[in-house]
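Here are the chains, one letter per residue:
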Amino acid sequence: MSAPNRLIGSALERVEDLRLLRGRGQFVADINRPDQLHAAFLRSAVAHGMLRGVDAAEALSLDGVHAVLTARDLGSPMPLLPIRLQPLPELEPFCQPMLADEKVRYVGEPVAVVIADSSAIAEDALDLIAVDIDPLPAITNRDQAEAAGTLLFPEHGSNVSMRWNAVKGDADAAFEAADYTRRETFTVQRHAALFMEPRGFVAEWDTDAEKLSVWGAAKVAFANRKILAATMGLERDQIDMIEGDVGGSFGSRGEFYPEDFLIPFAARHLGRPVKWVEDRREHLMAANHARQIECDVEIAATRDGKILALRGTNWTDNGAYIRTNGSIAPRNAAQFMSGAYDIEHIRLTSYSLTTNKTPTGTYRGPGRFEPDFVRERLIDLMAKDLGLDPLDVRRRNLVPADKMPYPLATMTPFESVTSLDSGDNHALLDRCLAEFGWDEKVALQGQCIDGRYHGVSVGCFIEGGAAGPSEDARIVLESDGSFAVYLGSAGVGQGIETIMGQIAGDALGVPFERVRVHYGSTAYVAEGFGSFHSRSTVMGGSAIVLAAEALLEKLRPIAAAALGCALDAVVFDEEGARDADGKAVAFDALSDAPVSAEARFENKKYTYSYGSLAAHVAVDPKTGQVDVLDIASTKDVGRMINPATLNGQSVGSIVQGLGGTLLEEFVYDSEGQLLTGTLADYLLPTATDFPNIRSTVLELAPSPHNPLGAKGAGEGEIIPVGGVIANAVAQALAGFGVEPMALPLSPPNVWRMLQEAIP
Amino acid sequence: MKFPAFDYAAPDSLDEAVALLAAHGEDAMVLAGGQSLMPILAFRMAAPSLLVDLKKVPALDRIDIGAEGVTLGARSRWCDIERHAGLAAAHPLLAEATRHIAHYQIRNRGTVGGSLALADPAAELPGVAVACDALLTLAGPGGERHVAAAEFFLGPMTTAIAPDEILTAVHFPAWPENRRWAFQEFARRKGDFALAGVALHYDLDAQGRARDMRIGVIGASDRPHRLHAAEATMNGSAVDAATIAAAAAAASTEVSPMEDHHAPADYRRALVATLVERALQEAAS
Ligand SMILES: Cc1cc2nc3c(=O)[nH]c(=O)nc-3n(C[C@H](O)[C@H](O)[C@H](O)COP(=O)(O)OP(=O)(O)OC[C@H]3O[C@@H](n4cnc5c(N)ncnc54)[C@H](O)[C@@H]3O)c2cc1C
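Chains A and B are the protein sequences, given in the same order.
One point on numbering: in the numbering used here, the residue at position 759 of the first sequence is 760, and numbering is uninterrupted.
One point on numbering: in the numbering used here, the residue at position 2 of the second sequence is 746, and numbering is uninterrupted.
Accuracy of the hints is not assured; some may be wrong.
[Said to hold, decoys possible] Per the computed footprint, the stretches of chain A lying under chain B, defined by three or more beta-carbons under 8 Å from a beta-carbon of chain B, are:
{"no.": "1", "region": "276 to 284"}
{"no.": "2", "region": "664 to 677"}
{"no.": "3", "region": "748 to 755"}
[Claimed, not checked] Within a straight-line C-alpha distance of at most 16 Å, the following computed EDC-like cross-link-like pairs (lysine to aspartate or glutamate) qualify:
{"no.": "4", "chain 1": "A", "residue 1": "Lys212", "chain 2": "A", "residue 2": "Glu236"}
{"no.": "5", "chain 1": "B", "residue 1": "Lys800", "chain 2": "B", "residue 2": "Asp756"}
{"no.": "6", "chain 1": "B", "residue 1": "Lys934", "chain 2": "A", "residue 2": "Asp690"}
{"no.": "7", "chain 1": "B", "residue 1": "Lys934", "chain 2": "A", "residue 2": "Asp628"}
{"no.": "8", "chain 1": "A", "residue 1": "Lys623", "chain 2": "B", "residue 2": "Asp1010"}
{"no.": "9", "chain 1": "B", "residue 1": "Lys746", "chain 2": "A", "residue 2": "Asp128"}
{"no.": "10", "chain 1": "B", "residue 1": "Lys746", "chain 2": "A", "residue 2": "Asp118"}
{"no.": "11", "chain 1": "B", "residue 1": "Lys746", "chain 2": "A", "residue 2": "Glu283"}
{"no.": "12", "chain 1": "B", "residue 1": "Lys934", "chain 2": "A", "residue 2": "Asp682"}
Simulated from the structure, these hints should not be mistaken for lab results.
Just so it is clear, the structure is predicted and the values come from calculations on it, not from any experiment.
From the three backbone atoms N, C-alpha and C, an ideal C-beta is built for every residue, glycine too.
This is chain B alone, in the form it adopts within the complex (with noise of 0.2 Å):
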């Protein structure tokens, strides 16, 4: 579990680092927090001929809160968000599905960056992006663009990110208040990744009913995604037991889990229903 050999370049700026994406191409590979590449490439799954580490590249380690909502650098660590004094009531979804993100010495370095760029499909991060409708910022040769996180994730380990492109930052929109929300998910321990989760959130209209009800949901297919029949039960109801019972089995009936040796495809699709209950009944109490 040697890494196998590689060059190591560590840029001032992101114009650097994105020339050197691009006169390397796909020998190329960007390091983050290094908490999964590192991994990866002791394992020899990846052997790039030159690793780009971001932690010289200026301002990406930024967690802006404003009007328009919360950008995070692509840099940001699991723990700056989790002591970021400002966070949790900016967007309390964020917050909490970060707390159960990795263990403690890999929450102080792995980044954002990392996990969205990694896409894991049972990563916390990926499935509030998608809930969430986050704006993802990509930087390359022509300069940026951006990318909606619904289209950013394309698979298990694959996203819309080019060879010699950066990400730079993921931007969620502003969080009003009174909104409803819940964060659910079931790992076998602590820390772990999660068999599924759910990260749902919902406002209420004058008349308490369910409007703009988002459920995205992670660990139940290759990529993490909203469950759009789920949501439309919901959507113009009231949240009660009987919209829950009916959202929860529209949500096992439109995910298709994968099967391996952490659990088969119908205990996760038992268990996408009950964390889409548990998740509403808990954003309605």
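So that you can see chain A by itself, here it is in the shape it has in the complex (with noise of 0.2 Å):
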């Protein structure tokens, strides 16, 4: 970039939070339109079955009901919900009605809409409502699924919605000439991102002006009006979607769900405004779930721990249907299976399966925190069988710098290849010990003090961003000499505003203050691609440094017209432009109408943050509980925007990943029932669980791919910590041999292999 660098690197404080801790922030519950009506949802309490009737008389006879829609009611072909990542047409058959009509798949699959004056209304009428449903057995586990007893999708003939491949080298060959092979299961528990503020809508249909506008876009408002458009037979440019302020995604909200067309359908339906904001209890029915699998996989290596090879297979649990995102996962599973190691030859397939649960989508770190949890089980079982140091493995193991770019292995179908961009694996490995403390803790391994067994362990992990294709800017010198910045991102409460602040102050060369972020909305650029797959920053920080440019070179003539200098004489400054003899004209002057200048950035190439993380745990053998003591990170992002926004993003990734090693899991009885339907039976981390963490962002390795040399850092830590932890126990627990191969890795759970190894 031209300017000084001054904002980009610091960690100013987030512009949002003053907002926000005032409580002033508008989250969607806060929207309210005049003479608006509430919806609830009707929702299967049956897993699978077959949907024989809804009768909604006696619901719409009750005083302040407006309507009852039911599938009938949505028009023929029945709308589906699309595929967003990976549309391929053999996923298609797996897509979700926007209601249930001739069958029923999940407890919590939407079958009606009441509409009524109040939600209360609105909830005392789903009692009244009579469903008919003839049930069919329940798919809960892959035995099931696999026996196909009972299809979700008779005409498909199986429960396996997918294949998908992940292909480098000659892995069968490998595995022949191999001096050590070991072949384990793994599995890791449903859970899901469980971002703070429930889902909500309120959409508002003009009759006059046939336009619709929808408060509670987040994420990926372009993408989804699109599907809104085509799903309610309207142009795009008919369609507003507003983002407010948005409490978490980590990949799940912000995905088009049936809600997303159910609430607008409702509201061109009935002519006015309609609202509804999820509650828990159906959000942990109703969003996307995420991360059940299982993993049968083999490692190859040499005598002396140089790993040769891996293969073997996943089986994703995806739920009931293939929803928006719901391929990531399993083929991130077995394209990302090697990591940050240097593994030259793979074959892995991953099998989506559908199930009687809820669908499954993406949740921060998708398909990379089960097979980091699947590879590093392996290194460390490795290391003990060929009596190695599992550190010295690690170090013997991990990708060089000088074979970067390093590529990853191929994935069909929806062929992608991608490459490792640029780092110093061993560099953030070694630095990574350093914080932590290794040399000190290791020497706790193993030890029992005070009753609990002391473990210490390492992983390495990499984090993939910058999803493309494109992101837009445009930046508009108004005519008081402020900026505003229009931006296609998505603000889900990543602090979004200050950091694209800081990229277009630097860009611009002006003060943070004079630059206005706007973003999320549709409303404010063509084209926009929002946040996810830890794309922000890089992409949209990038549109804002090429529409930067683009600005100054609009008011280069202006300013040399201003000045009576030659255009190649015209410097900008923080306040204006100057001559070469210094003679100055301040923006504001330059600007009687507005500038605009706008900008996209191209991109199609991944950018790759990586790191290590250490972990010090201590498991109490009679409860099973494992503390943690303590966890250092490093991460190397290339460029640093902001360091205390990046750091709330470590830590929080971290204590999300202990969540789901330790804590969280959706429980399913064998009808289909889901049994952790409150926060207090789903457990999720609170403030108080997991004070010990400490991470280190750095800036070694820029990204080649984007002029800020930014990579993605928006998951990144949570990726390692199911394998770390786990490794970390099998550490204090190895006088017992104690192995884990599942999550997670609660107390009962814990007891019980304890109970298993002690004969």
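Dock chain one against chain two, each of which comes alone in its own frame, and use the hints as you go.
Below, the structure written as structure tokens:
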């Protein structure tokens, strides 16, 4: 960048915080429109069955009820929830209808929508709707799915919806020649991205203008507008998607769900604004679940610990339908199993299984957390079998800096080739060990102190970011001399207003206070791709850099005219433009009318942040409780925009990883009933649970793929947590021969492993 | 998660409150701190036609400490117990157990009466009540009656309170000086209901042997109860490693833990043994 770098890299306080901490945020629940009605959803209480009928007569007769919409009201053909990422035709048969029509396939599936004067009345009406379902057996696990005694989609002939392959080199030949192989089965439990602000929408149809406004947009407003337009038979420019404050996404919030269609549909149907705010119970059964996987994976290595190959099979439990991004976890779990390690031969297959459970989608580090658990466990098992130090084995196998860019396995279908872009894995591992205090802590390995067994472990990870294809930014020099930045990225609580302001301020060479950032709503720019795959900062930020350059070039002739100098004599500074003699003109004098420039940053190459994470745990063998005594992580993001918000991302990510490793689990019974439908049953980490987390973020290897040199950083440290904690527990309980192969490491599960290990 | 419609009354006296309950029978419910009842209504697990709020009924929030022991009015809150100057000395087990109940916000509203009336099998106060032979006072249309804690808890969320009765107070017998005691529980996160817990106390005779061993357990059966077999192994014996181990073993066989998605029965059984062991060690130290 041309301007001196003053804002980028400084730990500016988030400009969002003053507003949010004073309770002045505007979340979707805060939005109210005159004359609005309220919606409530009737959700299937049966996991699997033929839907014979829905009788809403009694509900409709309740005072204050305006409508009860069922599948019949949505027209024919029934609109389906389309697939946003990897939209393969093979996946279409598994798309979710906006309302269940012939069949129900999971507990929580929307069957009808009640629209009433208040949500309390709408909920009263739910109890009056008679639903006639002929139950079918529920498929709740892999064995049942494969046995195919019942099919969720009989036309398809199988409960396997899709098969994904990751291939590199010749794995079978490598296995044949290997000194050492080990094959194990691992499982990760179903859990989810539990964003704190539940979903919600207010939709308003303007009959005269034939325009639809939807408040509650998040993450991918432009993509969702496209889907909404198609499913409602509207043009895109008839719809404004409006994003307010958003209380977290983590991949899940902001994806298109049935409710994203049903609330706008109801608003148009009734000609009145309709509001719905998800409650926590329905959230836990309606919003995407994630992570559930079984992996049968084999590792091959030389006697001295050089990993030669990985091969095996994953089965992801995708739930009842393939939703907008339901294919990401299964495909990633195959492609990213090798992580930060130099493994020449790979053959991994993932099968997506349909089951009678809530459909799944991405959750921070999708298909990355899961295979990292598998790989890091296999590395430790291998080190133990071969009598090697697990640390040496990691050093030996990390992709060395001189092998960058380093190709990963190639995925099919939807062929994708990708390479780690840059970095020094070894430096990050060493720094992590130093920050952690490895040398002192490793002395505690396996020791029992005051009744608890201590263990330490370290693991290495990569984080993909910067999904393309592009992002747009528009910058306007307003007539008061301030700059308005309009962006297609989305805010989901990550502090994008601050970060983008820093980038824009530096790119324009003006103070932070001069810049206002507007984002998230479809009204601001022509196109936008939103916030996922750790892409906002890299993609949106780079678009800002380009737009700023374009704007300054537009201003140059205006400034030259005002100063009476040659074009190339114009120099921009904080206040405006100067010529060679020091004659100056302020920005507000250059903009009698606002001057605007727009730019698109195009990029299809991913960035790869990378790093290490070390953990120290103590295990109570009597209760099975795993206490996390210390965690230190390192991550190289190439270019750090704001160290404070980045540290928040890192620590938060680790806490979420600990939730998924130690606490969180969706439990279903054999009938497909969700047993953990409240936050008293689904255990989320709270502020006091994991106080000892330290993260270090570095700027060693800038990404070659964007003008900032930045790499995505929104997911990162969650990815290694499961594997590192499981290895630390194995180290702590090495004396008992305990080897965790399944998450979560809940007290009953750890206790069970000990019971089975003690003769 | 909106409440079903109901009427609301906040009577000024106990008599009025009882009369309202008598008039409405099972359709009325008492409202204390609302920390359990509000979620119950939001989940529509109950749909009373009338809520009788105790907030204006006088004297229900009193905490009396005297020679006969400690009496807590039904509306005294967890935070009142926590902040009370004399309670930790007058009944250390009660004060300690209270520290484990719920979270800050809930402790500011949740009440003693609400907890006892709700009878969650894992709640702390009911466990202390059975371990301490507490006496509960119920007011009904016919006047007051007293029920011993051991007879009060009938099953999960089920008590001896009749639909037209209000729990007004709980009395804990006097706490002798030098009494040995401990409270141990295991919860997944701070503030969660425990997977299991143990409240115990005993006195030592001149020879250093345990007398009047009382061990109450929570979370291990369908209601809080005493561990009579474990108590029997300890009474008359010195509290040492051998007797502690015997008591823990006895405890694990005399509970009949439930199996749910939080923990399997055999885990809870082992946990009770561990908690009895740790509580006895703590009390002896
Ligand atoms: C997140 C969370 C965590 C919690 N954790 C714990 C915990 O760890 N340990 C624990 O013990 N509790 C816990 N609780 C429960 C909490 O302590 C409740 O407040 C308490 O159990 C009920 O007290 P309340 O005053 O809120 O009663 P309410 O919710 O008002 O009433 C509860 C029930 O008791 C009845 N009732 C109330 N008072 C009387 C009375 N005087 N006479 C007759 N009937 C009456 C009501 O009709 C209702 O059925 C937790 C609650 C929450 C929400």
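Verification of the hints:
1. Counting residues of the region 276 to 284 of chain A whose CB lies closer than 8 Å to any CB of chain B gives 3, which reaches the minimum of 3, so the coverage claim holds.
2. Only when three residues or more bring their CB closer than 8 Å to a CB of chain B does the claim for the region 664 to 677 of chain A stand; here the count is 4, and the claim holds.
3. Counting residues of the region 748 to 755 of chain A whose CB lies closer than 8 Å to any CB of chain B gives 4, which reaches the minimum of 3, so the coverage claim holds.
4. The straight-line distance between the Cα atoms of A:Lys212 and A:Glu236 is roughly 9 Å, inside the 16 Å bound, and the hint therefore holds.
5. Distance check on the hinted pair: B:Lys800 and B:Asp756 sit about 5 Å apart at the alpha-carbon level, within 16 Å; holds.
6. Distance check on the hinted pair: B:Lys934 and A:Asp690 sit about 8 Å apart at the alpha-carbon level, within 16 Å; holds.
7. The suggested pairing of B:Lys934 with A:Asp628 holds, with an alpha-carbon distance near 13 Å, which does not exceed 16 Å.
8. A C-alpha spacing of about 13 Å is found between A:Lys623 and B:Asp1010, which places the hinted pair at or below 16 Å, so the restraint holds.
9. Restraint check for B:Lys746 and A:Asp128: the C-alpha separation of about 13 Å stays at or below 16 Å, so the hint holds.
10. Between B:Lys746 and A:Asp118, the direct Cα distance comes to roughly 13 Å. Compliance with the 16 Å bound is thereby established for this hinted pair.
11. Note on B:Lys746 and A:Glu283: the hinted pairing holds, with a Cα-Cα distance of about 13 Å set against a maximum of 16 Å.
12. For the proposed pair B:Lys934 and A:Asp682, the alpha carbon gap of about 14 Å is at most 16 Å, so the pair holds.
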